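Going down the list, the protein sequences come from chains A and B. For the first sequence, the tail end lands on 747 under my numbering, and the numbers increase by one without skipping. For the second sequence, the tail end lands on 747 under my numbering, and the numbers increase by one without skipping.
Watch out, some of these pointers could steer you wrong.
[What the hints assert, rightly or not] Label-pair ranges, simulated between beta-carbon atoms:
hint	chain 1	residue 1	chain 2	residue 2	range
1	B	703	A	585	39 to 45 Å
2	B	711	A	703	57 to 63 Å
3	B	555	A	615	48 to 54 Å
4	A	606	B	711	39 to 45 Å
5	B	731	A	711	36 to 42 Å
Please keep in mind that the hints were generated in silico from the structure rather than gathered at the bench. All values reported here derive from a predicted model rather than from experimental measurement. All residues carry an ideal CB built from backbone N, CA and C; glycine is no exception.
Protein chains: 2
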Amino acid sequence: MDELKVIEIKKSIYESNDVEAAKLKKDMKDKHVFLLNLMSSPGSGKTTTLVKTIEELKSEMRIGVMEADIDSDVDARTILKTGVKAIQIHTGGMCHLDAPMTKEGIENLGIEDLDMAILENVGNLVCPAEFDTGATKNAMILSVPEGDDKPLKYPLMFEIADVLLINKIDVIDIFDFDIDVIKKRAKRLNPDIKIFPISARTGEGIKEWTDWLRSEVKFVKESN
Amino acid sequence: MDELKVIEIKKSIYESNDVEAAKLKKDMKDKHVFLLNLMSSPGSGKTTTLVKTIEELKSEMRIGVMEADIDSDVDARTILKTGVKAIQIHTGGMCHLDAPMTKEGIENLGIEDLDMAILENVGNLVCPAEFDTGATKNAMILSVPEGDDKPLKYPLMFEIADVLLINKIDVIDIFDFDIDVIKKRAKRLNPDIKIFPISARTGEGIKEWTDWLRSEVKFVKESN
Numbered sequence: 524m525d526e527l528k529v530i531e532i533k534k535s536i537y538e539s540n541d542v543e544a545a546k547l548k549k550d551m552k553d554k555h556v557f558l559l560n561l562m563s564s565p566g567s568g569k570t571t572t573l574v575k576t577i578e579e580l581k582s583e584m585r586i587g588v589m590e591a592d593i594d595s596d597v598d599a600r601t602i603l604k605t606g607v608k609a610i611q612i613h614t615g616g617m618c619h620l621d622a623p624m625t626k627e628g629i630e631n632l633g634i635e636d637l638d639m640a641i642l643e644n645v646g647n648l649v650c651p652a653e654f655d656t657g658a659t660k661n662a663m664i665l666s667v668p669e670g671d672d673k674p675l676k677y678p679l680m681f682e683i684a685d686v687l688l689i690n691k692i693d694v695i696d697i698f699d700f701d702i703d704v705i706k707k708r709a710k711r712l713n714p715d716i717k718i719f720p721i722s723a724r725t726g727e728g729i730k731e732w733t734d735w736l737r738s739e740v741k742f743v744k745e746s747n
Numbered sequence: 524m525d526e527l528k529v530i531e532i533k534k535s536i537y538e539s540n541d542v543e544a545a546k547l548k549k550d551m552k553d554k555h556v557f558l559l560n561l562m563s564s565p566g567s568g569k570t571t572t573l574v575k576t577i578e579e580l581k582s583e584m585r586i587g588v589m590e591a592d593i594d595s596d597v598d599a600r601t602i603l604k605t606g607v608k609a610i611q612i613h614t615g616g617m618c619h620l621d622a623p624m625t626k627e628g629i630e631n632l633g634i635e636d637l638d639m640a641i642l643e644n645v646g647n648l649v650c651p652a653e654f655d656t657g658a659t660k661n662a663m664i665l666s667v668p669e670g671d672d673k674p675l676k677y678p679l680m681f682e683i684a685d686v687l688l689i690n691k692i693d694v695i696d697i698f699d700f701d702i703d704v705i706k707k708r709a710k711r712l713n714p715d716i717k718i719f720p721i722s723a724r725t726g727e728g729i730k731e732w733t734d735w736l737r738s739e740v741k742f743v744k745e746s747n
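Produce the entire structure from the sequences given, and follow the hints as far as they go.
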C-alpha cells in the first residue's frame with residue numbers, strides 16, 4: 524500500500540449510536556474479524572504501542588489500522604512503515620469516533636483480508652468513552668507520567684475499557700505513580716478489567732498484551 | 524474557606540458562545556480582574572502547576588480558582604490547601620467549559636475580592652480549544668512525556684493559546700522531546716505565543732511564568 528488514504532468524516536447525523544454499534548459488532552463477528560478500539564490521552568503512546576504490537580503479531584495474523592485524528596496524518600504514515608495497511612480518518616474537529624464513523628472507516632479500510640482491525644481513537648480521555656464504536660473490545664492506555672489519579676477523574680473510560688495498558692512503565696521510578704494504587708482504582712470501577720503494565724519503548728510487557736490479543740483474535744476466528 | 528463548593532452545570536443552551544464570551548471578557552476588564560483559562564491534556568500537571576503558581580503569588584495578589592472536572596473534586600481540594608478560595612465545577616460529562624458555564628462559575632466563586640481568577644479547564648486538548656470561555660488570556664500546558672509532535676495533531680489549541688508552558692522539563696533527558704522543535708512548531712501556528720519551559724515539581728521556570736502573570740494582572744488592574 525503506497526498511497527495514504529485520508530477520509531474526511533463530518534459530524535454524524537445518526538440518532539442512535541448504540542443501534543449502529545450493535546450492528547457493526549455483529550457484522551464483525553459474522554466476518555470473523557476482531558476489531559480493537561484503542562483509546563487514551565494525547566501523548567500516552569498509542570501509536571508507539573501499536574507499532575510494537577504490529578511488529579510482534581504481523582507474521583502470524585493480518586492486521587489493518589484506522590488512525591483517527593482531528594486533522595493530521597502523521598500517525599497513519601508511521602503505521603504504514605510497519606508494512607500493514609492503514610488509513611487516516613479525519614474527524615473534522617470532533618473529539619471522538621462513533622459507530623457510523625467507524626463503519627465508514629471499516630468500509631474504506633476493507634476487512635475481507637484481515638484477522639484484526641485496529642481503530643486508534645482521537646487522543647482524549649473523555650468523549651471517546653461516551654460513544655460505542657462497535658468494536659469487539661476496548662483497550663485504553665494510561666501512561667505513568669499522567670498520574671495514578673486518573674480513574675478518579677475520568678471514571679467512564681476505565682469503566683468501559685476491557686483492557687488497561689499502563690505504558691511508560693520504564694520511567695516509573697522517576698514519577699510519583701503507584702502501580703498498586705492504579706490497579707485498585709481501576710478494578711474498583713471495573714472489576715473485570717485486564718491490566719498490563721508495558722513499555723512500548725523497551726518492549727516490556729508487550730508479550731503479555733499480545734498474548735491476550737492472540738487469544739481474542741483466535742476466539743473470534745473460531746466462533747460461529 | 525472550609526466547605527468545598529460543588530456546582531453542577533448542565534449542557535449550555537446558549538446559541539452564541541462567542542457573544543457571551545465577549546460580554547464576560549468586558550465584565551472582567553471593567554472589574555479589573557484578570558481571568559486565566561488553563562488548558563492541557565489529562566496528567567500534564569495543571570493542578571501541580573497551579574499550586575506552585577499560587578504559592579509564588581499569593582502574598583502579593585488575591586487569587587481564586589475554579590476547577591472544572593467531569594465528576595470528581597480532588598483538584599479543588601488540592602487547591603484549597605494552598606489557602607486561596609476555590610470551587611469545583613462539574614461539567615456533567617461535557618469535555619469543555621463554554622462562556623456561560625464560566626460566567627456561572629465566576630458568580631459562584633465571587634470575584635469582588637480578587638485580582639486574578641483562574642479557570643482550570645477539563646483535561647483535554649480538543650474541545651476546550653473550540654469554546655472561548657471569556658478569559659482574559661489562555662494558557663496551555665504541554666508536558667515533555669506527551670511528545671513534541673502535539674502541535675501537528677492538536678493545532679487549534681496551540682493557535683488559541685497566549686502562553687505555552689512546557690512542563691516536566693526536569694525529565695527531558697529521558698524522553699525523545701526536542702525543545703527547539705516544539706518551539707518552532709508552536710510558533711508556526713501562533714507566532715505571538717509566549718513559551719515558558721517549567722517544572723512544577725522542581726520549580727524551574729516558575730519565576731519567568733509568574734513574572735508574565737504579574738505584568739498581565741498589573742495591566743488589567745491599571746487599565747481603564
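Okay, the hints, checked on the actual structure:
no. : hint                       : result
1   : 703/B to 585/A: 39 to 45 Å : holds, 41 Å
2   : 711/B to 703/A: 57 to 63 Å : violated, 43 Å
3   : 555/B to 615/A: 48 to 54 Å : violated, 40 Å
4   : 606/A to 711/B: 39 to 45 Å : violated, 32 Å
5   : 731/B to 711/A: 36 to 42 Å : holds, 41 Å
Checked against the numbered hints given earlier, this structure breaks hints 2, 3, 4; the rest are met.
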